[in-house]
Structures are given as structure tokens and as C-alpha cells.
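Colleague: Listed here are the chains, written in short residue letters.
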Amino acid sequence: MNDRRHAIEARELVFSYRPGQPVLRGVSVACGTGKLLCVLGRNGSGKTTLLRCLLGQLAPQRGAIELDGKELRRHSRRQLARLLAYVPQFPASAFAFTVGELVLMGRYCHTGLMGLATERDRSVAREAMKMTGTLAFAGRTLEELSGGEAQCVMIARALAQQPSVILLDEPTSHLDIRNQLMIYRMMQRLAHDWQMAVVCVSHDVNLAARFADELLLMRDGEVVAAGPPPEVIRQDVLERTYDVGIDLLPAGGDVPIVVGR
Amino acid sequence: MNAPTHPGIAPPLSAGRLIAMLAVLLAAALAVAGGCSLVGITPLSQLDAQIWAIRLVRLLVGALVGAALGAAGTALQGILRNPLADPFILGISSGAGVGVLMGMAVSSWQRGLPTVLSIPAMGLIGAAVTCAVVYGIAQRRGRLDPYVLLLSGVIVNAFNGAIMLAIFLFIKPYVVSAYVIWTMGRLTDNVSWQALVLSSVCVAGGWSLLIFRGSAFNTLGLGDEVASSSGVAVNRLRIETFVVVSLVTAAAVALAGPIGFVGLIVPHICRFIVGPDHRRLMLVSGFIGAMFLMSADTLCRTAGEWVGMGEIPVGIVTAFCGGPFFIFLLRRRGREGWS
Numbered sequence: 016m017n018d019r020r021h022a023i024e025a026r027e028l029v030f031s032y033r034p035g036q037p038v039l040r041g042v043s044v045a046c047g048t049g050k051l052l053c054v055l056g057r058n059g060s061g062k063t064t065l066l067r068c069l070l071g072q073l074a075p076q077r078g079a080i081e082l083d084g085k086e087l088r089r090h091s092r093r094q095l096a097r098l099l100a101y102v103p104q105f106p107a108s109a110f111a112f113t114v115g116e117l118v119l120m121g122r123y124c125h126t127g128l129m130g131l132a133t134e135r136d137r138s139v140a141r142e143a144m145k146m147t148g149t150l151a152f153a154g155r156t157l158e159e160l161s162g163g164e165a166q167c168v169m170i171a172r173a174l175a176q177q178p179s180v181i182l183l184d185e186p187t188s189h190l191d192i193r194n195q196l197m198i199y200r201m202m203q204r205l206a207h208d209w210q211m212a213v214v215c216v217s218h219d220v221n222l223a224a225r226f227a228d229e230l231l232l233m234r235d236g237e238v239v240a241a242g243p244p245p246e247v248i249r250q251d252v253l254e255r256t257y258d259v260g261i262d263l264l265p266a267g268g269d270v271p272i273v274v275g276r
Numbered sequence: 005m006n007a008p009t010h011p012g013i014a015p016p017l018s019a020g021r022l023i024a025m026l027a028v029l030l031a032a033a034l035a036v037a038g039g040c041s042l043v044g045i046t047p048l049s050q051l052d053a054q055i056w057a058i059r060l061v062r063l064l065v066g067a068l069v070g071a072a073l074g075a076a077g078t079a080l081q082g083i084l085r086n087p088l089a090d091p092f093i094l095g096i097s098s099g100a101g102v103g104v105l106m107g108m109a110v111s112s113w114q115r116g117l118p119t120v121l122s123i124p125a126m127g128l129i130g131a132a133v134t135c136a137v138v139y140g141i142a143q144r145r146g147r148l149d150p151y152v153l154l155l156s157g158v159i160v161n162a163f164n165g166a167i168m169l170a171i172f173l174f175i176k177p178y179v180v181s182a183y184v185i186w187t188m189g190r191l192t193d194n195v196s197w198q199a200l201v202l203s204s205v206c207v208a209g210g211w212s213l214l215i216f217r218g219s220a221f222n223t224l225g226l227g228d229e230v231a232s233s234s235g236v237a238v239n240r241l242r243i244e245t246f247v248v249v250s251l252v253t254a255a256a257v258a259l260a261g262p263i264g265f266v267g268l269i270v271p272h273i274c275r276f277i278v279g280p281d282h283r284r285l286m287l288v289s290g291f292i293g294a295m296f297l298m299s300a301d302t303l304c305r306t307a308g309e310w311v312g313m314g315e316i317p318v319g320i321v322t323a324f325c326g327g328p329f330f331i332f333l334l335r336r337r338g339r340e341g342w343s
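Residue numbers (my numbering), protein chains in the order written: chain A, 16 to 276; chain B, 5 to 343.
None of these hints come from the bench; they were simulated from the model.
Possibly wrong hints are sitting among the right ones.
To be verified - Chain A stretches covered by chain B per the calculated footprint, using a threshold of three residues with CB under 8 Å from any CB of chain B:
1) 79 to 86
2) 102 to 108
3) 127 to 139
Computed from a predicted model, the values in this text were never measured in an experiment.
Idealized CB from N, CA, C, for every residue including glycine.
With the hints as extra help, turn the sequences into a complete structure.
Modeller: Shown next, in the form of C-alpha cells:
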């Protein structure tokens, strides 16, 4: 096992949309291959900004981001897409593509000038659909699917890029319990079985604590705590993170259930 | 492909597609036949040959303008994720019109300027400036409101219209009527071969550039963030597309004036025939646009002669068809709650 090598690592990120109002104030985060990292925190704590920095869509004013042992901004956009994929909060396509066509679009960074798919592109897309259980509705459009199925399609599309790091922005925020569990199991499988680094911004403390290998708790653009769930899920840490009274109820596993007071 | 959900696209049933293709072929045949019937094919005297040449020039102008507007409309609808986008509605055509009119007005005062170059160049500047203004108004914090986009197009159109009227004040009165007909959008055979070559190069070049952006347009439908993380340089793609759309629109407007709604209708016809994939759409839209405008113009020319009105500018007819079609799309879109 190569635990020491981080697939993606950010050090001391400082970012502000407007001068004098930093949204990130020196955030450091790292996710190794084969790990599921969940980022938790209140609304406006800088989680999404952090994610967009890691995606290379925002340029932090200070700090460094390393992807695959190389400075993020030194990768070309296509190179970046081959290493790093993104799953949005709300799956949507403005054009009425089928699931199969959407997943095949994940091959954009691997195809040539005309964007024509090769046999290999097709087989990778097929494999991605198999992994996510979306092959059965490859001929349907997104609008014909349930929220959970549509989210699986977006994950399949991201996997078609064959990345080593995958970033997800609150992928379960609009899903029912069953689908939430399914998505978290899938993220865990991507990390543990497929040796990807999976970073997920989340609002569900309990699901994150149950499935993640590492948690990162943020407040006002700073890291409150980071580490494996049993170390981080503590009353004082959570109260500081969420600014609300927290009760911990004993549960079967090694992590208690978190309830707001 | 399955049942579509994109507003403005009818179900691509095989029978429906067949009918659409037949209709297009029919229209194309009509265009050619209309051209022929007015000339008479059999004895090719010297006079006939000249008339043929004139008709051919006019058909070629129609093909160029139609291809330009069809491709421009398809690219705009793709890049803005808006099925109501069109160079005319967004004010790009009227922007090019202002530029072209300025070029023409200047050359009417002072002969000797190379109008073949200066008129399309002025058109390009007008179109590009309008593009930047409309996009600048509609875009807030990187997000594009589809309704604000259409509204800013309306406002900019009104503004450009006022400039065009103001330009009329500076033109010698006896040529104003020719300019007025030009602003309606009409095809003509009175085009120099230099202008024809220059516009052909612009349209063909711009169109092929857009064809190569097809898969990027597809990916952009998933949203800016997803597209960018898939390897699409989103901002560069937008700017490139706006410049190319301005270029081909300027070429079309310099040839035929601001003809409306071709860029709105043609992409929907194309989606109906080949589905939502922009790699195919960008290719097909140029051809369909060319056939569409050639047939519409032939219709105008022959119909006008039948009712004894002389020629009806084709822009009037496309507006007559396009206006109701726009309302149809708008209503349909509201019902499906798509934005």
C-alpha cells in the first residue's frame, strides 16, 4: 500500500472573491488514493469554494494544489480532465441525450478534433455504466430517470474520464434515504475497490461519518478538524463547526449518531 | 434515440423524420424548379445563358446566407443552452446591419473606398460589439439568465434599429428606399464576384470551425462546471463561437440585409431530423439553412409576380413564419418548465 502518496493535496489555500473578504483562510486538505474524504461544514463555510479551487476553476490567491505530484495549474485542461473528474449537485442536460451518449461525453478529454468515439471509448463508457448500474437504462434520457438514477449517470460520466481523483458536490442532497445510501456505498467502492481518491462535499454528518475514511470539518474558511471519523466526531468539535448544540447518541459502530439539539 | 425532452424538438419518429426529409427535398426541388420555370430550360440562347447566370448568382447568395444563419443559430442555441437563441433575436444581425449601413453610407458619400472589404468588416465590428453587449448584460456572476438574454436582445435590437433610422437621415433621399428594402432582408443577384468570394470564404471557414466544436457544444449542455472539468475551455469556446457567429452573420447581412428567424427555425428542423448531437447538427444546419432560404426566396419571387406585387423581400416571409414559431417555442417551453 502506498498510503503516503496523496492523489490530491492542497496546502494553505487562501481565496477571496472580493479583496479583504477571504472565503478560504489557509485551508489544507489531502486525499490519498483509495480514500473517501468527506468535507463537512455549515452553509457558506467555504466547502464549495474549496471544491472549485481543487477543480482548477478558481485560482487561489495563496497556497498550492498538487495533483498527481504536479502543480494543478501546470496541467493542461485536457490533462486535468484525465486525472480529475467532477459530479455536480443537480444532474441536468440541456439537450435530450440518452444516458449512453451522456456517459460517452465523459470521453471528451480522450477524443480527437471531431470528438468521434472509438471502440475503446465505447467499451470504457460501457464499463462505467456497468460499475454504476446504469447500463439498464442506457437508451433513456435523464428526465425519464429518478433523481438517484440520474446521479448514478453523472457518476458514470465522470468515471468515463478514467480519473484518479473524483470530486462530488453534495451528490445526495435531493435524494431519499435508500438512494443516499446507494450513492455513499458507490463512493466507498470507488475508493476502496477501484483505488480512486474520492472527495465529497456533504451536509449529512451521519452518512459521511459512517462511510468516509477521512473527514474535514470547516467553519468560516478554516479547518476546524480533520481526521478519521472516530477522532473527529466529538461533541466539542461538532458544536464549534455547526454553532449549535449537539448530542451524540451511541450507535452500533465505532461512530456515534449526531443529532442537533 | 429516445423520446426527447428538449423543448422544440418533436419526437424523432422514423416516419416523422422521413416526412421531414421529403419535405426538405421537395422544397429544394421547388427552388430549382422555380428557378427553371422562369427561364425555360430548352433553348439555351445567349440571353437565356445570361438569365441563368443571374438566377444562379441569386441561388448562390441564398445558399450562402441560409447556411450562415442556420449554422450561426445552431451554434448560438448550443453555446447559450437556449432553444430561442438566434442571431436576429439577439440583435447580432441588427448590429451587423448598423455596421454595414455605416459602410454603405460612407461609400455613398465618397466613391473609391474598397466597399467589398469595408462593408463586411464594418458589419463584423457591429455584430461583435452587439454580441459582447448582449452577453455582458445577460451574464451575472458567470451565470446566464435565459430570459434576461432574450430581453437584452430585444433592447439592443431596438437601439440598433434607432441607429439605422438615424443613418437614413444622412443618406441622399433618392437612395433611401433601396436601403429600406435592404433592412427588410432580401436576396439579390446584384452582387459583385469579389463580394461573393469573400462571403463564401467567411461562411465556409466559420461553418467548418463550428463543426469542429460540435462535441464541445454537447458537453456544454451539462453545465459550465461539468464541461470545464471534462476538458472544455468554456470561456474560450464562448468567445470563439461569438466571434465566428459574428463573422458569418456579418457576411450574411452584408449580402442580404438582416433576414430574421432563419437561425431560429433551422436548428429545430435539424434537431427534428438528426437529433440533439451537435457534431451532426452543425454539419446539417448549414445545408438545411441553405435549402430553406433558397426555397423561401424562390417562393417569394414567384408568389410576388403572381399577385403582381413584384418581389416580396424574403425577410418579410421568414418573419411571418418565424414570429409565430417563436411564440410556439416560448409557450411550449413554459409548459415544460425548462430553463
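Colleague: Each hint should be assessed against the structure and marked as holding or not.
Modeller: Structure-based check of all given hints:
no. : hint       : result
1   : 79 to 86   : violated (count 0)
2   : 102 to 108 : holds (count 3)
3   : 127 to 139 : holds (count 4)
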